[in-house]
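We have chain A already, so just place chain B on it with the hints.
Those sequence lines, one after another, are chains A and B.
Residue numbers in the first sequence follow our numbering, run continuously in steps of one, and reach 506 at the last position.
Residue numbers in the second sequence follow our numbering, run continuously in steps of one, and reach 506 at the last position.
Any given hint could be a false lead.
Identical chains share a label here; the pair holds if one copy fits it or two copies do between them.
What the hints assert, rightly or not - Under the rule of at most 30 angstroms between Cα atoms (straight-line distance), these lysine-lysine pairs were calculated in the DSS-like manner:
hint	residue 1	residue 2
1	LYS260	LYS398
2	LYS300	LYS111
3	LYS503	LYS139
4	LYS430	LYS206
5	LYS430	LYS139
6	LYS503	LYS398
7	LYS260	LYS243
8	LYS301	LYS291
9	LYS301	LYS315
10	LYS315	LYS414
11	LYS246	LYS300
12	LYS291	LYS245
13	LYS430	LYS245
14	LYS120	LYS447
15	LYS111	LYS291
16	LYS414	LYS503
In short, the hints are calculated from the structure, not lab data.
Keep in mind it's a predicted model, so treat the numbers as computed, not measured.
Each chain, written out:
There are 2 protein chains.
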Amino acid sequence: MPYSYLKPLLDDNGSKIVLLVMDGLGGIATTQMGKSALELANTPNLDRLAAEGSIGQTIPIRYGITPGSGPAHLSLFGYEPLEYVIGRGALEAAGVNLPVRKGDIAARGNLCSLDQQGNVTDRRAGRISQEEAAPAIEKLKKVQIPGVEVEVRQVKEYRFVIVMRGEGLDPSLNDTDPQEVGVPPLKVTAGIPAAKKAADKMEEWIQEAYKALADEPVANGFLLRGFATDPGLPTYEDAYQLQAACIAEYPMYKGVSRLVGMDVLDLVGPGAEGEFKTAGKYWNDHDFFFIHIKKTDSYGEDGNLEGKSKIIEEVDQALPVLLDLKPDVLMVTGDHSTPAVLKSHSWHPVPFLLWAPETHRTDLETAFNERNCARGGLGTFPAVETMSLALAHARRLQKFGA
Amino acid sequence: MPYSYLKPLLDDNGSKIVLLVMDGLGGIATTQMGKSALELANTPNLDRLAAEGSIGQTIPIRYGITPGSGPAHLSLFGYEPLEYVIGRGALEAAGVNLPVRKGDIAARGNLCSLDQQGNVTDRRAGRISQEEAAPAIEKLKKVQIPGVEVEVRQVKEYRFVIVMRGEGLDPSLNDTDPQEVGVPPLKVTAGIPAAKKAADKMEEWIQEAYKALADEPVANGFLLRGFATDPGLPTYEDAYQLQAACIAEYPMYKGVSRLVGMDVLDLVGPGAEGEFKTAGKYWNDHDFFFIHIKKTDSYGEDGNLEGKSKIIEEVDQALPVLLDLKPDVLMVTGDHSTPAVLKSHSWHPVPFLLWAPETHRTDLETAFNERNCARGGLGTFPAVETMSLALAHARRLQKFGA
Chain A
105 MPYSYLKPLL DDNGSKIVLL VMDGLGGIAT TQMGKSALEL ANTPNLDRLA AEGSIGQTIP
165 IRYGITPGSG PAHLSLFGYE PLEYVIGRGA LEAAGVNLPV RKGDIAARGN LCSLDQQGNV
225 TDRRAGRISQ EEAAPAIEKL KKVQIPGVEV EVRQVKEYRF VIVMRGEGLD PSLNDTDPQE
285 VGVPPLKVTA GIPAAKKAAD KMEEWIQEAY KALADEPVAN GFLLRGFATD PGLPTYEDAY
345 QLQAACIAEY PMYKGVSRLV GMDVLDLVGP GAEGEFKTAG KYWNDHDFFF IHIKKTDSYG
405 EDGNLEGKSK IIEEVDQALP VLLDLKPDVL MVTGDHSTPA VLKSHSWHPV PFLLWAPETH
465 RTDLETAFNE RNCARGGLGT FPAVETMSLA LAHARRLQKF GA
Chain B
105 MPYSYLKPLL DDNGSKIVLL VMDGLGGIAT TQMGKSALEL ANTPNLDRLA AEGSIGQTIP
165 IRYGITPGSG PAHLSLFGYE PLEYVIGRGA LEAAGVNLPV RKGDIAARGN LCSLDQQGNV
225 TDRRAGRISQ EEAAPAIEKL KKVQIPGVEV EVRQVKEYRF VIVMRGEGLD PSLNDTDPQE
285 VGVPPLKVTA GIPAAKKAAD KMEEWIQEAY KALADEPVAN GFLLRGFATD PGLPTYEDAY
345 QLQAACIAEY PMYKGVSRLV GMDVLDLVGP GAEGEFKTAG KYWNDHDFFF IHIKKTDSYG
405 EDGNLEGKSK IIEEVDQALP VLLDLKPDVL MVTGDHSTPA VLKSHSWHPV PFLLWAPETH
465 RTDLETAFNE RNCARGGLGT FPAVETMSLA LAHARRLQKF GA
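Only chain A is shown next, with the shape it has when bound in the complex (with noise of 0.2 angstroms):
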């Protein structure tokens, strides 16, 4: 449970709370005269923002920690990432929305190529198209073995997720990927001696689904990885009393946000405008909308600086779009730094923005970048604090104690 303390003290009085996630938000200037993405950027909005509320910046898990985008999400939601760890297969899973209960394994696989001798050529068979993909997938679909069952979804080009479901089924199994090509797949162990019976269903439906995919011209095997069962997570409406909505482009974030019991919302539209728009368009269903921007993040993982700056002023100039919605409180964050000059997530403290017209504290600064964050009022703290700051500006949290 996010933090208990705050259980006891809310106060649902509809106020309404939105969460703007840039993916990957902060960057660094490596020089004196360099410039991180978001300081590149022109974001007028972001600065009267920024001028008017509060800003500061967040360690996403613990200083020198560079995330994931799994445990970099469920800190902003108020989930401790140290206690609470979605496995890869259980995440991937929710976010094609495909079900996984307590006792159920899911797992996230790559298609892949394997030469004559069975060893791997290619770990992700050529990064083959979705419809490329999809005839491998049909067959995977298709096999079943007895005394569980097993439901396969493609989720994206050569990616899949596996979910087996029967009884005694301990997720404790290993990879089968053997992390280079040459080798042949790896076959499933259990990494404790409860999930023997886990790893031996699992590898005899391998053996056969191995066998449906022979004929295949390039994608004649598959890797598997990431398994894991439901993590358990406590609602938003459990731990907050707040009907949340996702609005998200990317399958990952739809996952994360299911785990915790929010909605994901069919999108009215593309990119940052699309994603404000569907927020409207749900407003007075519910009181907190998570709202996830990819792009980045991806041009931050490709070193495209100018790409990323791009983003963010798409961003910005979207903004009167979700302001017109008079939000309560918005905030606006990243769930982790991506810098350009990294190619590569980040453990840098991420830049955030709290704009709550009726309760935020003004500070002395008057843009929203890297530098000025860090000397901004709310100073430096952990991610998992965002919901507490959210909770307390919308005014749902009452008194601790007379």
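Structure of chain B alone, referenced to chain A:
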């Protein structure tokens, strides 16, 4: 126990520490042009101390949590407020120096008005004065029942405190205040089975007491709240080797101070100047002085920005009286924020000033207010660290490890 790692490091070197708390000090500027009460106030002395020393801002309990006065003060005193919970009854009893020992039950009482059917018509008996309430309180003092001992004391106006002493009394009792008019007071009920005897005894006393008040013209009933026993807090002497004194005008702050073993001093005069002169009178008898200014909070709760600002100026003007005593460490802060614009306690961080001319580290800030404190050298830190900083700057803590 406050941080257990402090105790082996303690070194009573005779230095003097002053903790000056302006209740509800923090405010908010809600627009770029707005000002908080602290920003409005002309405070040359505080600004000089801020320029010479270090400033920062505290989180009273946790991010987003609005504290009541009890937990907020415990935190400043170094007692983790989620761990040490003082029931209101025990706090109120300590405030009027009515002893509550482990196993006793204390509760707050309000005189109230009942109609002929026994329904509450006014939960505070028309807020009658000290003198008007006195006859009813005198009658309550005389009510005794077999098997227990009961003591009643007037707190202020229509408010009183009751302590019941006897064998096997558990304080887990529910309030009798129905929190509305037009209905009768609630019966005392046991929150857990072990409290049944206490509930029966308390209800027996209440019925006798109602009979005693039957002829009162206005205050012909009463409501009880906050049943509690002694919280068993470690004392300042035990935790910090400090002979501590409390200088406060209001009972509840005297109460929380007594519960941590402070001596409550008799004031030599009114207002900040009277309190500072009181410190001077008893300067040689103690080495820690907690000085409490109430009216900053009262004006904040009333939404009176100018009033709050004037009180801060009054404190500033009287400050030389305190500085003439040459404290080794002077800390100026609040227990929480009470922004006039919100007319209530809030969760916002609290300005903090630390001045210790022989040991402080001067930072870049030169004014004492919310916005500068957010940039100060002490950063944003939990209020529960206040005593560690105090002891350190007073050179009362030896090195940890070799």
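Evaluated hints:
In the homo-oligomer, the alpha carbons of LYS260 and LYS398 lie at most 30 angstroms apart inside one protomer (15 angstroms), although the nearest pairing across protomers, at 60 angstroms, exceeds that limit. Only between protomers do LYS300 and LYS111 lie at most 30 angstroms apart by alpha-carbon distance; the minimum there is 28 angstroms, versus 40 angstroms within a single protomer. Within a single copy, LYS503 and LYS139 get their C-alpha atoms only as close as 42 angstroms, which misses the 30 angstroms cut-off; across copies the closest is 24 angstroms, which meets it. Taking CA atoms no more than 30 angstroms apart as the test, LYS430 paired with LYS206 passes in neither setting, with 39 angstroms inside one copy and 52 angstroms between copies.
Taking the shortest Cα distances, LYS430 and LYS139 sit within 30 angstroms of each other only across copies (24 angstroms), while inside one copy they are farther apart (32 angstroms). For the identical chains of this complex, LYS503 and LYS398 are inter-copy neighbours only, at 19 angstroms across copies versus 37 angstroms inside a copy, given an alpha-carbon limit of 30 angstroms. When the C-alpha separation of LYS260 and LYS243 is checked against a cutoff of 30 angstroms, the pair qualifies only within one copy, where the shortest distance is 16 angstroms, while the shortest distance between copies is 80 angstroms. Taking the closest pair of Cα atoms, LYS301 and LYS291 come within 30 angstroms of each other only inside a single copy of the chain (14 angstroms); across copies the shortest separation is 59 angstroms, beyond that limit.
Taking identical chains as interchangeable, the C-alpha atoms of LYS301 and LYS315 lie at most 30 angstroms apart only when both belong to the same chain, with a minimum of 22 angstroms there against 74 angstroms between chains. With identical chains, the CA atoms of LYS315 and LYS414 are never at most 30 angstroms apart, being 48 angstroms at best within one copy and 78 angstroms at best between copies. For the homomeric pair LYS246 and LYS300, the shortest alpha-carbon distance inside one copy (24 angstroms) is at most 30 angstroms, but the shortest distance between copies (64 angstroms) is not. Proximity of LYS291 to LYS245 under the C-alpha cut-off of 30 angstroms is restricted to the intra-copy arrangement: shortest distance 21 angstroms within a copy versus 65 angstroms between copies.
For the identical chains of this complex, LYS430 and LYS245 are neighbours neither inside a copy (46 angstroms) nor across copies (56 angstroms), given an alpha-carbon limit of 30 angstroms. Proximity of LYS120 and LYS447 under a CA criterion of 30 angstroms is satisfied inter-copy only: 22 angstroms between copies versus 35 angstroms inside one chain copy. Taking the shortest alpha-carbon separations for LYS111 and LYS291, only the inter-copy value of 27 angstroms comes in at or below 30 angstroms, while the best intra-copy value is 46 angstroms. For the homomeric pair LYS414 and LYS503, the shortest alpha-carbon distance between copies (27 angstroms) is at most 30 angstroms, but the shortest distance inside one copy (43 angstroms) is not.
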